[in-house]
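*Asks:* If you read the sequences in order, they're chains A and B. Using this note's numbering, the letters of the first sequence map in sequence onto residues 571 to 1137. Using this note's numbering, the letters of the second sequence map in sequence onto residues 571 to 1137.
Since the hints were made in silico from the structure, they are not lab data. Computed from a predicted structure; not experimentally measured. Some hints could be false.
If chains are identical, the list can't say which one is meant, so a pair holds when it fits in one copy or spans any two.
Within a straight-line C-alpha distance of at most 30 Å, the following computed BS3-like cross-link-like pairs (lysine-lysine) qualify [unchecked claim]:
(1) LYS582 <-> LYS1004
(2) LYS746 <-> LYS1064
(3) LYS696 <-> LYS1116
(4) LYS622 <-> LYS746
(5) LYS1082 <-> LYS746
(6) LYS1082 <-> LYS1004
(7) LYS696 <-> LYS1059
(8) LYS1123 <-> LYS618
(9) LYS741 <-> LYS618
(10) LYS618 <-> LYS746
(11) LYS741 <-> LYS1004
(12) LYS1054 <-> LYS696
(13) LYS696 <-> LYS618
(14) LYS1054 <-> LYS1004
(15) LYS696 <-> LYS1064
(16) LYS1082 <-> LYS1064
Protein chains: 2
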Amino acid sequence: MRTSQYLLSTLKETPASAEVISHQLMLRAGLVRNVASGLYTWLPTGLKVLRKVEAIVREEMERAGAIEVLMPMVQPADLWEESGRWEDYGPELLRLNDRHNRPFVLGPTHEEVITKLVANEISSYKQLPLNVFQVQTKFRDEIRPRFGVMRGREFLMKDAYSFHLDESCLKNTYQKMYDAYCRIFERLGLDYRPVIADTGSIGGDASHEFHVLADSGEDDIAFSDTSDFAANIEKAEALAPQGTKPEATEQLTKVATPNVKTIEEVAAFLSVNVKQTVKTLLVKGDDEIAPVVALVLRGDHQLNDIKAEKISGIATPLTFASDEEIQTAVNCNAGSIGPINLSIPVIVDRSAAHLADFVCGANINDMHFTGANWDRDFQNYSVEDIRNVVEGDPSPCGQGNIVIKRGIEVGHIFQLGAKYAQAMNCGVLTEAGKNQILTMGCYGIGVSRIVAAAIEQNHDQYGIKWPSAIAPFQVAIVPMNMAKSARVKETAEKLYSQLQQAGIEVIFDDRKERPGVMFADHELIGTPFLLIVGERNLDNQQIEVKNRISGEKSLMDISDIMNLFAR
Amino acid sequence: MRTSQYLLSTLKETPASAEVISHQLMLRAGLVRNVASGLYTWLPTGLKVLRKVEAIVREEMERAGAIEVLMPMVQPADLWEESGRWEDYGPELLRLNDRHNRPFVLGPTHEEVITKLVANEISSYKQLPLNVFQVQTKFRDEIRPRFGVMRGREFLMKDAYSFHLDESCLKNTYQKMYDAYCRIFERLGLDYRPVIADTGSIGGDASHEFHVLADSGEDDIAFSDTSDFAANIEKAEALAPQGTKPEATEQLTKVATPNVKTIEEVAAFLSVNVKQTVKTLLVKGDDEIAPVVALVLRGDHQLNDIKAEKISGIATPLTFASDEEIQTAVNCNAGSIGPINLSIPVIVDRSAAHLADFVCGANINDMHFTGANWDRDFQNYSVEDIRNVVEGDPSPCGQGNIVIKRGIEVGHIFQLGAKYAQAMNCGVLTEAGKNQILTMGCYGIGVSRIVAAAIEQNHDQYGIKWPSAIAPFQVAIVPMNMAKSARVKETAEKLYSQLQQAGIEVIFDDRKERPGVMFADHELIGTPFLLIVGERNLDNQQIEVKNRISGEKSLMDISDIMNLFAR
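Using the sequences and the hints given, assemble the complete structure.
*Replies:* This is the structure we're talking about:
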């Protein structure tokens, strides 16, 4: 490709609208352009990367035995009514009407369409297991699209759905998908981790996310520092502290804590370590049990919403009680609540439950207890894991301690179970001649998002440093002052022709630009090798080679250049 | 691919819903499944064909210097307001609102998005010409989707848009696209024709359609029987009859034609050839000129709406006058109108204007004139080409006569001109430093539709006969009673492995089905070669090869099989 016949579209300035580095670099390097909020055009350079990601994903899905189909983006509402998601799915589901006023949706995923298809096409256990995938355009009407294609509204996704007679068959395909995902992210050249994940609203039994590690990631991942355990912090279990609970040694004492609001202020005011305090949060309960439930955490710990939501008696989604509800339930301000003498359900985190002689609110404004002890001072509570793990916690795998890193979720695999198959009556005749509802798995990869995640992980102050497998070009030819030197032009043209004939993706910068402009553009775009053709080095039949990843520059004989790309 | 691990999904019965043969075969061969009106899922076999078509289109577009991008399917309404199409485009444009109630459309084409992009990205004449394309999902809310993917609502299209400083540069790229389209349809292995086309509502100056010839086509194409002239019948010029008009020899005579309605009945009643009669149609006029205009055609000719619409003074779209309007204008029934004594504008087709001593309505119910002659009996008329050409007409190219065949439009190229660039202020600085609005071309190929068109052209009573370039599989291995013969199984497995290793797309029918079922399925799917592995022939180290296209069967030595696929 010659730049003169290409749409390079690099920008010198960083657009003010772009908050994260990948979005900034995708705009500056001419990979995408914004069309409207969360909607992008992929320019030629970006599309090359996107297609390379797509090709690797497709190859590995096929290698793992999945079969490709293509479902429509526009889906009839009746399928969504059948599955129940027409009601359940929030405003991210874009609903629309056709000219005959029939309701449709723009597909955010395709469980309904594929389950209906399989219900119609598959009738016998002999046709199972079946694993079908597509690489297709999705739409999710994000309330606040941001970070470029990282959280866009229209995006390219690989979604796969598997169908099974039983759980053990599902687990088998699930493992194949897990392995295929590992191969995909390895081939993409990304530093990634499969992490245990919450199954969320999509339902189901087991789930892993695949994260590209990057400081800018939106998710916290908990790792063991000695094993390969990794889990999304939403899901990482906080173990109960080891050993037996210390004995009570202090008397329960009510103390005044005037104008002391936060738990840190309480600890400071009473001169105790915040780890020796508990904080009590009131959340809405299931209407049938109690309107309000108390959650008790150690002062230094954070509530984990996902864990709390799963406890029966607590309303979903997790909602904090209003000031009014707090007054009604405990007759004091939020800052003075404590478990003792409470007449509402009390759920205590494992670590809080391990304390003795602790500080807690006294359910009277501006009053706390010191020397509080479970069982002696308050009996009616249950113990659960309701907090986020923190660095240094023992790993739930039993080996080592937790460290926390940030990740960008680029893949997600679920053991879905029978949720959709049941709702849409997707079954087959078993060997015994009985109709049996199928068990499903689903497996997603954010193809567009991978492009952004790769950049978040691989860049420097000059631009993108593509892993070779997804670089838009393998090499750029940068001739210096070609207009003035027939020898430079001839050498550059010859190299270009050789590289093209060898099937190497090469961009030949034939613009009449200063060398500095050309270098900056190709470093920005992140082409792995720059071949700099200049008068001086040609005296020795040499050209300068710059490695974009290592930054190394070296002189090479022209006759050796092709060896750089030998496969 | 083994059928046991594949989603074959063939059907024995023809679904009642499918009207045309391509739709019937696409359902029966398991290429697509209906999701909702005009919305389809592409099953694995269909998707293979679709991707092959896509790949050929992409390769030839790139060879012709076009650069690939990917624009979003969901487009903001403001771009469409800027171009004027928000108002102009009918209900085929699906309009929708996002969660913030902002208006969007599902893109039926992408002139607005690309013109806006180019307006932003291209600033200098040095960056021109530019030709960008995408292969992308389109949505058109057809009032009556039918014929399967032939006229679906969501479909895959290749659309390209070129940008130029001047007309001559546009013509140059237009010719490149014309040539690329010819290569594409040749490589696809289809019998196709480029035909001169009307530019229609998209506007612009010159246009060709590319048609796949098939008896079931929706369009009539007029060809010359001696030159390579071809035009959509909408556009094919009907020349004036050669020679001078015959002299008037008869007297104008009013005759009673009681209960005679159609022009054929008039001719029969008066015992004259229908070619010696004229029929007079009243259509709505532009309000400024006249409410109703008369169009006069020879009795055996058909009005061409597109030609008539282009005549000034006639309302667009062409609309026939109501019975009431006819009564007001001529005070007689539609069957008795004639040009003589009419006080409204009269437009006479070239062939009708060449008649002498003809029959026409007398503008009195149940009365006609015989012996009518232009100029002698009626002077105030104009002569235009307003009819469809018919077989035997002289070709407008000047060579040979017209023959008419039916075609399926699969591609369309336009010289668009400045319509969009002007509306969206898409210009560059010229060499002289002046801002200049660009001239555009646009070039579409219906990728999904090609799959259906290929089937309309290539099938027999057993199923599809794919051109080799787009066959989903090149060869099917059909083992006979594999379960009972170790030798058959071993040979089939070995062949499968050899073919796979040679990179040949092979489907190995390892189902436990009767040979007849397997033959029927592979003939239906249209795999070019069937390798039938049976006990008897193995005695001679032979297998039977069936050519799906020619129908020939032959015995081949196993050792020669791979030569069938030597490239």
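*Asks:* All hints are to be evaluated individually against the structure, with a verdict given for each.
*Replies:* Each hint, compared with the structure:
1. Proximity of LYS582 and LYS1004 under a CA criterion of 30 Å is satisfied inter-copy only: 24 Å between copies versus 67 Å inside one chain copy.
2. Taking the shortest Cα distances, LYS746 and LYS1064 sit within 30 Å of each other only across copies (26 Å), while inside one copy they are farther apart (46 Å).
3. Taking the shortest alpha-carbon separations for LYS696 and LYS1116, only the inter-copy value of 29 Å comes in at or below 30 Å, while the best intra-copy value is 57 Å.
4. With identical chains, the CA atoms of LYS622 and LYS746 are at most 30 Å apart both within one copy (22 Å) and between copies (28 Å).
5. Proximity of LYS1082 and LYS746 under a CA criterion of 30 Å is satisfied inter-copy only: 27 Å between copies versus 52 Å inside one chain copy.
6. In this assembly of identical chains, LYS1082 and LYS1004 lie within 30 Å of each other by CA distance solely across copies; the values are 21 Å between and 74 Å within a copy.
7. Proximity of LYS696 to LYS1059 under the C-alpha cut-off of 30 Å is restricted to the inter-copy arrangement: shortest distance 20 Å between copies versus 64 Å within a copy.
8. Only within a single protomer do LYS1123 and LYS618 lie at most 30 Å apart by alpha-carbon distance; the minimum there is 26 Å, versus 45 Å between protomers.
9. For the homomeric pair LYS741 and LYS618, the shortest alpha-carbon distance between copies (29 Å) is at most 30 Å, but the shortest distance inside one copy (35 Å) is not.
10. In this assembly of identical chains, LYS618 and LYS746 lie within 30 Å of each other by CA distance both inside one copy and across copies; the values are 28 Å within and 24 Å between.
11. When the C-alpha separation of LYS741 and LYS1004 is checked against a cutoff of 30 Å, the pair qualifies only within one copy, where the shortest distance is 23 Å, while the shortest distance between copies is 67 Å.
12. When the C-alpha separation of LYS1054 and LYS696 is checked against a cutoff of 30 Å, the pair qualifies only between copies, where the shortest distance is 19 Å, while the shortest distance within a copy is 71 Å.
13. Taking the shortest alpha-carbon separations for LYS696 and LYS618, only the inter-copy value of 24 Å comes in at or below 30 Å, while the best intra-copy value is 40 Å.
14. Proximity of LYS1054 to LYS1004 under the C-alpha cut-off of 30 Å is restricted to the inter-copy arrangement: shortest distance 28 Å between copies versus 82 Å within a copy.
15. For the identical chains of this complex, LYS696 and LYS1064 are inter-copy neighbours only, at 24 Å across copies versus 58 Å inside a copy, given an alpha-carbon limit of 30 Å.
16. Taking identical chains as interchangeable, the C-alpha atoms of LYS1082 and LYS1064 lie at most 30 Å apart only when both belong to the same chain, with a minimum of 18 Å there against 58 Å between chains.
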